[in-house]
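Enquirer: Construct all of the structure, not just a fragment, from the sequences and the given hints.
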Amino acid sequence: MNQYYFKITHYADELLADLKKLEGGWPKQVLTMQENWIGKSYGLEFKFSFDAASHERLSGNFDGFEVFTTRPDTIYGVSYAALAPEHEIVSYMIQNSLLDDNTREQIESMKNASSIDRQKEKSGVALNLSVVHPLTKKSVPVWVANFVLMDYGSGAVMAVPAHDDRDFEFAKKYSLPINAVIKPFNGEADNTKAFTEVGELFASEQFNGLNSKEAQAKIIEHFEALGIGTKKTNFKLKDWGVSRQRYWGAPIPFVHCDDCGLVMEKKANLPIALPEDIVITGEGNPLDKHPTWKHCKCPSCGKNALRETDTMDTFVESSWYFLRFCASPQNWEDKAFSAEQIKYWMGVDHYIGGIEHAILHLLYARFFTKVFRDLGYVSFDEPFDRLLTQGMVLKDGAKMSKSKGNTVDPDAIIEKYGADTARLFILFAAPPTQELEWNDSAVEGAYRFIKRFYERSSNIVKTDSMPQIDHGSLSKDEKFARKKVYEALVRANDVYVEKYTFNTMIAGVMEAMNALNAQSNSAVWSEAYWILTSIMEPVIPHVCSEISSNYFSLKNLTSQRVLDEVFVQESITLGVSINGKARTEIEVSPDASNDVIIAAAKESAAKWLEGQTIVKEIVVPKKLVNIVIKG
RNA sequence: GCGGAUGUGGUGAAAUGGCAGACACGCUAGACUUAGGAUCUAGUGCCGUAAGGUGUGGAGGUUCAAGUCCUCUCAUCCGCACCA
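Position 569 of the first sequence, counted from 1, bears residue number 569 in the numbering used here, the numbering being contiguous throughout.
Calculated from the structure, these hints are not laboratory results. There's no promise every hint is true.
Label pairs and their computed distance ranges (CB to CB) [as the list claims (entries may be wrong)]: (1) Thr281 to Val393: 50 to 60 angstroms; (2) Lys20 to Lys623: 49 to 59 angstroms; (3) Pro329 to Gly302: 52 to 62 angstroms; (4) His10 to Asn304: 28 to 38 angstroms; (5) Pro184 to Asn36: 23 to 33 angstroms; (6) Phe380 to His10: 15 to 25 angstroms; (7) Glu86 to Asn406: 38 to 48 angstroms; (8) Asn36 to Val615: 50 to 60 angstroms; (9) Asn517 to Met466: 19 to 29 angstroms; (10) Gln206 to Phe185: 17 to 27 angstroms; (11) Lys462 to Ala273: 37 to 47 angstroms; (12) Lys297 to Glu14: 22 to 32 angstroms.
In this text, a Cβ means the ideal position worked out from N, Cα and C, and glycines have one as well.
Expert: Right, here's the structure in full:
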């Protein structure tokens, strides 16, 4: 079946290299997953040539096959070569009856095994063909092996059982020779398993004594000098097959013409719209079955032709929707997006989604961005500056999903407690990046907080501007309450801009409320609500906007300035520890000298210092004093 | 196998190398109450009457000081997986 592909492999190198640009903004896990998915590796590619007898057996149709290895240093340990069951030479032999029935059946069953079954046990069969070792010229038998994959490299490998786990397992099973050529730097290899680490070469002619790394480079050079092999980079990333036999996707704009073949649809006819009068039966492609839709004229010769009924993978559309979001609706008919608007809105500052998009969607979107850049539509390399992967919500240890039937309906909480409580509860439970086992026992707590928050707003004095307070005239409790309010503000700024740990911001607001409760200055209460309703408004919008509209005419719902004066303290408390163990506390003036602090600490900790020799005294400003004693 | 993450009270969780457990939930006791699944007050890591000891999966290390840094290790979860 013919399929349509996007040549994402053309961008493999850049997609890999630009992951560096995303470091810091994207979770490391996602970067690593993409790196592994792209799967770049270096090695040697060379051709195994058939010996004369094998060449003749294949009627001269094949003179050999290419193999790729990342371990050219093990080349002298080759004891067989293996082809994928799907390899063209194998297919040729089957088609031309060059294999006996038993061999043929074994190969067929390898091909038909599911990929999981195929991984369970190594199996293979000899083809009665031989190739020539490119350096030693010795004869090497050719096998078919189920662990060789047709869609990576050339679908054929050189096998070195002494230094590769898979080759070893296979060689053991079929009693093939195991020739060690690398030994550990210290001591001898354990020959009951493959030695796959870096080591020192032996039995390798002029390369003896080199370490694996040096040998890899030297042996590749040697192959290139002889003109029998080349340095090669391989990728696991494959081209993106985009054709689907479904209704729900953008039609692929090609036309099949009896005379002209496969022809691209004319630009003027784009976009090709889906028909709306289709019947979805669950069988086959509804577009193919539609009575008229697929009949069209050939864009090249004008004769009757058939439209392609395959549609595109929906990932195609999700790869650029964010650019479309930047386009104003009045231009939608004219073009997909305008460069000017893209320039204004892009890139996406914060992109939020589940980890399940780590590879496909996020890689495809990066790919599209690079293609659009090369076509001149956008001027940046990467679409998403920062990525937040939200944690999954689990229920009874499993991911919540409709198919499992273990979902929790937030409507029940919203109905009983209101939407503000539902939001507060969820945001307070854990940071958003974290996986969370759903447990709604703390909903009551969130509800109580909101109730208290609303009730105590009665302490506010109505005002249209931020209350002015003479900090110096306040009592200790009032000063403390103010300090807590501003600490919550500082934390909120950090959370909204940088950290997204909303749970700690909410905790800060709760602390401020607890401190406010210990005093009754209405100006302090008013200022506190002016600030707190502003920072909590995104979390509990209904309550905050009601309080704000009742008392502040909504004037406070904007960014708030931090006043440094509230953080100035008359005295500070320092912990005193002996040999790092917390013992007591002292209260000193914030500008007390180290000498004064140490003297106070010694006095306070006299009980533990009696008869001891003090070795060292450490003062950590505004935090603690550590006294080190001998013994 | 490779890669990534996580591991802290009864529970959810805090903690720029600087007094572990902030903030909540729960629990215990008390107050108010006809009532309490409302509200308020106090307590709450563990052992101990206390003084004190001990404590962030485990074992080492660096440091005056480690949940945090380093080495090794165990467990759980996630992703990729015979990638030559």
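Enquirer: Now tell me if each hint is right for this structure.
Expert: To see whether the hints hold, each was checked on the structure:
1. Thr281 to Val393: 50 to 60 angstroms: 36 angstroms, violated
2. Lys20 to Lys623: 49 to 59 angstroms: Check failed, 37 angstroms falls outside 49 to 59 angstroms.
3. Pro329 to Gly302: 52 to 62 angstroms: Violated: the Cβ-Cβ distance is about 36 angstroms, outside 52 to 62 angstroms.
4. His10 to Asn304: 28 to 38 angstroms: 36 angstroms, holds
5. Pro184 to Asn36: 23 to 33 angstroms: 28 angstroms, holds
6. Phe380 to His10: 15 to 25 angstroms: 19 angstroms, holds
7. Glu86 to Asn406: 38 to 48 angstroms: At 41 angstroms between Cβs, range holds.
8. Asn36 to Val615: 50 to 60 angstroms: Holds - the Cβ-Cβ distance for Asn36 and Val615, about 51 angstroms, lies within 50 to 60 angstroms.
9. Asn517 to Met466: 19 to 29 angstroms: 22 angstroms, holds
10. Gln206 to Phe185: 17 to 27 angstroms: 20 angstroms, holds
11. Lys462 to Ala273: 37 to 47 angstroms: Distance hint for Lys462, Ala273 is violated at roughly 58 angstroms.
12. Lys297 to Glu14: 22 to 32 angstroms: Between Lys297 and Glu14, where Cβ atoms are some 40 angstroms apart, the hint is violated.
Checked against the numbered hints listed earlier, the structure breaks hints 1, 2, 3, 11 and 12; every other hint is satisfied.
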